[in-house]
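*Asks:* Each chain, letter by letter, is given below.
2 protein chains.
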Amino acid sequence: MTVPVTAPATAPQILARCRELVRPALTVAVERMHPWPAEMAAFSFGWSEVGGAPVPGPGPGSRGKGVRQALTVLCAEAAGGRGEDAVVGAVAVELIHTFSLLHDDIMDGDETRRQRASVWKAYGTGPAVLAGDALFALAVETLAASRNVHSGAAVRHLAATLNDLVRGQADDLLFEARPWRGPGAVSPQEYRSMAGHKTGALLGCAAGLGAVLAGAPAATADVLAAAGRHLGVAFQAVDDLLGIWGDPRVTGKPVHSDLRRLKKTYPVIAALSTDSPAARQLVALLASGSPLDDAGARRAAGLVEEAGGRDATLAEARRHLDSARACLTSVPLAPAAVGDILTLLPFLVDRRM
Amino acid sequence: MTVPVTAPATAPQILARCRELVRPALTVAVERMHPWPAEMAAFSFGWSEVGGAPVPGPGPGSRGKGVRQALTVLCAEAAGGRGEDAVVGAVAVELIHTFSLLHDDIMDGDETRRQRASVWKAYGTGPAVLAGDALFALAVETLAASRNVHSGAAVRHLAATLNDLVRGQADDLLFEARPWRGPGAVSPQEYRSMAGHKTGALLGCAAGLGAVLAGAPAATADVLAAAGRHLGVAFQAVDDLLGIWGDPRVTGKPVHSDLRRLKKTYPVIAALSTDSPAARQLVALLASGSPLDDAGARRAAGLVEEAGGRDATLAEARRHLDSARACLTSVPLAPAAVGDILTLLPFLVDRRM
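The listed protein sequences correspond, in order, to chains A and B.
If you read the first sequence in my numbering, its first letter stands for residue 14, the second for the next number, and so on.
If you read the second sequence in my numbering, its first letter stands for residue 14, the second for the next number, and so on.
A portion of the hints provided could be inaccurate.
No copy is singled out in the list; a pair is fine if it fits within one copy or between any two copies.
What the hints assert, rightly or not - Once the Cα atoms are required to be at most 20 Å apart in a straight line, the calculated SDA-like pairs of lysine to any residue come out as: (1) Lys266 with Met120; (2) Lys134 with Leu187; (3) Lys276 with Gly139; (4) Lys78 with Val362; (5) Lys276 with Ala300; (6) Lys134 with Gly122; (7) Lys266 with Asp306; (8) Lys134 with Trp49; (9) Lys134 with Met120; (10) Lys78 with Gly352.
Honestly, the hints are just simulated from the structure, not real lab data.
Assemble the whole structure, with the sequences as input and the hints as a guide.
*Replies:* Structural data, given as structure tokens:
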């Protein structure tokens, strides 16, 4: 007689399981919206085209990996609860994530998102503001109205995160007007703080909410939230690398796109914080203030790399991934769920490289 | 020996008392924001000029009457509690009110607000989106983090209101594209529903939060919330009258401004819902789709009045004021606070007429 051995789930399998668990509740929530913001939300989730026609193909939920919802479900399981208990938190987090994409695209003037028009570009700025507000309101209501006995603590967690998100976005927007070098330049430490708020906070919230809704002790929830924040910062560092060296066929953006737009990302800031000849040449190239052409962007990318910006960003991503892993061993957690989270970590960060 | 007789407080005295009670906590909340959205919030509250310089003159809180915060404080007192207990709710409601002004001005393209530039006009659209988001997040956090034992119920109340607000704004924006007459025209009933969400919901929330935070029974909180909603709809009807017949020196807007902009307000919708010669002439005038000039707007105002739109709107305002008063006698409440609310009602609705 042989004992059947189950192979450990792969990252795509884990993400798919969590998406399938969360999707019905997410659909119900979006259907409660006013039809107009609901259409914009469905477009943004990749469920429909502009105008509301369903997207044919591999099926709903195929756009975006659903990292945040997966983290919520898995952290509930890691804390000894059931993923089902945390679905309401996963829904709230996905709604807030989408809210932030809609409003950030307006503020940043980004015309595309996931290789389609951004919502403001497709529907207009005013309607996109409205749809973001509607998603925000729905997220808060979904969590506040939940019958989970821990929903009060969950709302407090979400509310604190919302303030962090706004703070991070405010800093990011203000960075644009700062000089490339000198006393007013953005330091690597300031950039880390911004990324911690802008990207780390929501992944931390996703993880923390899972634990909170599963009734985990505060210490466990704090540790899982910290793991989520580290993952978020690693995520942001990888995004910054992709914004310069990502494959245009995969990212949907032109090569060196962040450099062309003179965006202050970690690789550039790290490069400029060195006192190297490459850093000085890079400042001279960037300080003109006009967007770079093909040759200029290629040269800037070379100088960022030469001044160590690429390596510093990779090291930053690895450091935060290691910290996320360390968090997961610092408190007692359910081994199977921790195994799933550990399977996801490299998959999420090594994406598209 | 004579017993000193205290004259009942006047409406301005009542409003000032409530503003003074709420202002310290509102200031503390705004100071917790990131400095950039905090500056935009202070500008919007009328505390500072663009750039952050304090506004000289009659002092902080002088812009806007603070109707919503007063309603929260007075309803806490009416429910037998202390105004102090409801301050956190008053703060949340004022923050949400300001959030909605900021975002609505973007969506409606309104360049002025209270005779100054609107926030998006003064600071840019992206920053105004951010400031609105920051106020929204701060409102939720303020209430969720409060130590008031009823804060959970208060957050649920606020969250439901936020969804109503967005729903009302969505309807209002969609009304713009509807025809003036025929099967697709906006009916008076649809307009009432929109106003109930867009304006009634937040005043209802202001009143209900006061009762909830004072620990009132659900029936009392529901009645006070209903009174607030009626006041809000009356308020909106008066706003619509002022948008056509208000004194430009008081409203800060050109005479007939809503007609010039072809805005679908209650007086016009009520006028067009009649089968009168004036209504038919009014449609002909409005249906061209281009903004009206002086003569056109004057003529349209005359036709709205002739078709009964002005009287219908006044009647609508009076009906809702009466309903608000009726609510206040339907459950046992503290007489002194009810007296203050009854003093405020006509003052709030008869403003600037």
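*Asks:* Please go over all the hints and tell whether each is borne out by the structure.
*Replies:* How the hints compare with the structure:
1. Lys266 with Met120: within (18 Å within a copy, 29 Å between copies)
2. Lys134 with Leu187: Between copies only: 18 Å across, 23 Å inside.
3. Lys276 with Gly139: between (25 Å within a copy, 17 Å between copies)
4. Lys78 with Val362: within (12 Å within a copy, 52 Å between copies)
5. Lys276 with Ala300: within (12 Å within a copy, 47 Å between copies)
6. Lys134 with Gly122: both (9 Å within a copy, 17 Å between copies)
7. Lys266 with Asp306: This pair counts as within: shortest intra-copy Cα distance 15 Å, inter-copy 47 Å.
8. Lys134 with Trp49: within (16 Å within a copy, 26 Å between copies)
9. Lys134 with Met120: both (12 Å within a copy, 15 Å between copies)
10. Lys78 with Gly352: Answer is within: at 18 Å inside a copy they meet the 20 Å cutoff, but 58 Å across does not.
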